[in-house]
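Enquirer: Chain B: place on chain A using the hints.
From first to last, the protein sequence lines are chains A and B. Last residue of the first sequence: number 180 in the working numbering, and the count goes up by one each step with no gaps. Last residue of the second sequence: number 1418 in the working numbering, and the count goes up by one each step with no gaps.
Treat the hints with care, as some may be off.
Unchecked claim - Distance condition first, Cα-Cα at most 27 Å in a straight line; then the derived DSSO-like pairs of lysine-lysine:
| # | chain 1 | residue 1 | chain 2 | residue 2 |
| --- | --- | --- | --- | --- |
| 1 | A | K109 | A | K59 |
| 2 | A | K93 | A | K35 |
| 3 | A | K14 | A | K46 |
| 4 | A | K159 | B | K1298 |
| 5 | B | K1190 | B | K1248 |
| 6 | B | K1275 | B | K1183 |
| 7 | A | K35 | B | K1248 |
| 8 | B | K1140 | B | K1248 |
| 9 | B | K1398 | B | K1412 |
| 10 | A | K93 | B | K1248 |
| 11 | A | K14 | A | K52 |
| 12 | B | K1414 | B | K1190 |
| 13 | A | K34 | B | K1248 |
| 14 | B | K1190 | A | K159 |
| 15 | B | K1398 | B | K1205 |
| 16 | A | K93 | B | K1210 |
| 17 | B | K1140 | B | K1275 |
| 18 | A | K141 | A | K109 |
| 19 | A | K93 | B | K1275 |
| 20 | B | K1248 | B | K1205 |
| 21 | B | K1275 | A | K34 |
| 22 | A | K141 | A | K46 |
| 23 | A | K46 | A | K59 |
| 24 | B | K1248 | A | K59 |
| 25 | B | K1190 | B | K1275 |
| 26 | B | K1210 | A | K59 |
The set of hints was computed from the structure by calculation and includes no laboratory data. Please read all numbers here as calculations on a predicted model, not as lab measurements.
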Amino acid sequence: MEILSPEEIVESFKTTLGGDFIDSRIYQREVAIKKNLFTSIWIQVKREAFRKSVEHICKLQEYPHLSVISSADREDSVELIYHFTIYYGHHLKALSLGLRLSLPKSDLKIPTITDIIPGAIFTERETQEMMGVEVIGIPDKRRLFLPDDFPEGVYPWRKDETGPHDMLRVLPGREGIKNE
Amino acid sequence: MSETQTKTSYTIPIGPIHPAVHEAIRLDVSVEGEEIVDVDVVVGQVHRGIEWIGMNRNNPIQSIYLAERVCGICSASHPFTFVQAVEQAAGIEVPQRAEYIRVIVAEMERIHSHLLWAGVAAHEIGFDSVFYLVWRVREKVMDLTEYITGNRNSKAMYQIGGVRRDITEEQFPRIREALEYYKGVFNQLKTVFLEDITVRMRTKKVGILKTEDALRFLAVGPTARASGVPKDVRQDYAYSAYADLDIKAITPDVLTGTIVGDVYDRIIVRLLEVKQSIEIIERCLAEMPPGDILSEPKIAKLLATLKKAEGEGVGQHEAPRGEVVHYVRLQAGQETLATWKIRAPTYANLMSMPTILIGGQIADVPIAFASIDPCMSCTNRAIVVDSKTKRKSVLTDKELHELSVEKTRRLKAKFDNH
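So that you can see chain A by itself, here it is in the shape it has in the complex (with noise of 0.2 Å):
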């Protein structure tokens, strides 16, 4: 296996991608003494090409790390961002890729990806009820956190009126941090 530097990464999207291609960024700190260098890379694409790039990091390790996908409200579009870990195994050389969809909240939809990762199901199926985001063809349809009466079109991680906002309970004497 080859590994490349994160410039040549990004570069391999690119050139995979094209036009499905929209962003990217590098970040890098140094740590500690010997001044080693933390890597994560960001990848923005469009969603029509989502599975094609997750077939592509496979093409970089046959077997990426997929942690977890992390999902935000932002107000009009769910941002979903699929953290991976690819050169696992190797000494230092892992590097943290967060590849980032964005899906307007009128078509909250999404492939699966569980017949290229079997692993992703436990992840997939909290995205589909705490996000409401539907997960095309996802193998297992059931919930994972959430128990069997919670209601129906309730997200608790929404920040809209599909929001848990009627299930909130403020303790006595306290107040919830308003966000601006």
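Expert: Chain B only, in chain A's frame:
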């Protein structure tokens, strides 16, 4: 038993409560006779919404203390990971001395956690004298943790931009004395766990996870390494003082020459990692640079910086059970975290659970399940359902434990007769 009932499949839910970590665990185990044919993992019974609190109620400094309470055992790993993510997001520097103190505290946690696990594993197979022995040995590192941090478990050492307490020269002798103690008992532990015939009979070729399955199901930590995947965040990523220390992931073949991926291999990995942790702490003590331990000691000033910050970061750390990941996004003007996602190691390792259990026996469930090191309080009861007659019977944790102990006795009697 009538003809129609000769081959009956049962479903045994084992669980569900797991008080310590992010996810609760229930295993629905389908069996035919004694053999496990299918396993379904059901989690979520005690989801506490910690990420939600961090995104809606707490400021980032309060969230350090919340992160510390994600897990009762990994109370250094989660804040360690969390502060790294926030430091990246806000561009905060960490003094070099603080990086070394962070690593010392994290490695003390690994020693205590691995020994705790070894005791639980011995108990699961009915070897209670070893359980008592190991937990007595573990007390030494608990005392040391109290001496260094002021508390046996919730350590409150980690702060954004450094650590909250120094480890001074005067404290070194006491730390070294504890490390010497562990070096002294290490060979005894190794003999008990790796050479004892009872332990070998109950753990060899039990709960096998093949290398390819570990990769496909994204196993982490000792579970992955015992299956031959050299994945260790301390080795892979340049983070904290680990980047200076040339860590190498421990796989069982360094001792046995082969990789089986069974419970026995997981014991080897954890035992050797205790020794590795001792060496890491020794090196940290020897190489720790002088200097500050916090880049911004004034909390109000730090909070103001965090409120103005805009950015995102992802922190990783090798907790005793495997990789912990925290993703944090900060938005300018917002007092709380804009996004916070936590991924604890058991979350990843549970996906390998069906593969580990299928083909095994009910009596092997406690030790095979414990071998990925979740907290075992979740195995608190089991219901046996006869799928043909719908007859239900409940196995308590005690009965399930008895089954396991009985198997040890049976194997031992067989061995003694030869």
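Enquirer: Check whether the Cα positions of K1248 (chain B) and K1205 (chain B) lie no farther apart than 27 Å.
Expert: holds, 26 Å
Enquirer: Hey, K46 (chain A) versus K59 (chain A), does the alpha-carbon distance stay inside 27 Å?
Expert: With Cα atoms ~19 Å apart, K46 (chain A) and K59 (chain A) stay inside 27 Å; holds.
Enquirer: Given the hinted pair K1275 (chain B) and K34 (chain A), is their Cα-Cα distance within 27 Å?
Expert: OK: K1275 (chain B) and K34 (chain A) at ~24 Å, within 27 Å.
Enquirer: For the pair supplied as a hint, K1140 (chain B) and K1248 (chain B), is the alpha-carbon distance within the 27 Å limit?
Expert: With a Cα-Cα distance of about 26 Å, the restraint between K1140 (chain B) and K1248 (chain B) holds, given a limit of 27 Å.
Enquirer: Within a Cα-Cα threshold of 27 Å, do K93 (chain A) and K35 (chain A) meet the stated pairing?
Expert: holds, 14 Å
Enquirer: Does K1140 (chain B) pair with K1275 (chain B) here, judged by a C-alpha cut-off of 27 Å?
Expert: holds, 15 Å
Enquirer: Measure nothing beyond the straight line between the CA atoms of K109 (chain A) and K59 (chain A); if it is 27 Å or shorter, mark the hint as holding.
Expert: holds, 25 Å
Enquirer: Does the structure keep K1190 (chain B) and K159 (chain A) at a Cα separation of 27 Å or less?
Expert: Cα-Cα ~53 Å, so violated.
Enquirer: Is K1190 (chain B) within 27 Å of K1275 (chain B), Cα to Cα?
Expert: holds, 11 Å
Enquirer: When you check the alpha-carbon spacing of K93 (chain A) and K1248 (chain B), does it fall within 27 Å?
Expert: holds, 13 Å
Enquirer: What's the verdict on K93 (chain A) and K1210 (chain B), does the C-alpha distance respect the 27 Å limit or exceed it?
Expert: Holds - the C-alpha atoms of K1210 (chain B) and K93 (chain A) are around 25 Å apart, at most 27 Å.
Enquirer: Please work out if K1414 (chain B) and K1190 (chain B) have their alpha carbons no farther apart than 27 Å.
Expert: Answer holds: K1414 (chain B) to K1190 (chain B) is near 25 Å, not above 27 Å.
Against the hints set out earlier in the document, violations occur for numbers 4, 14.
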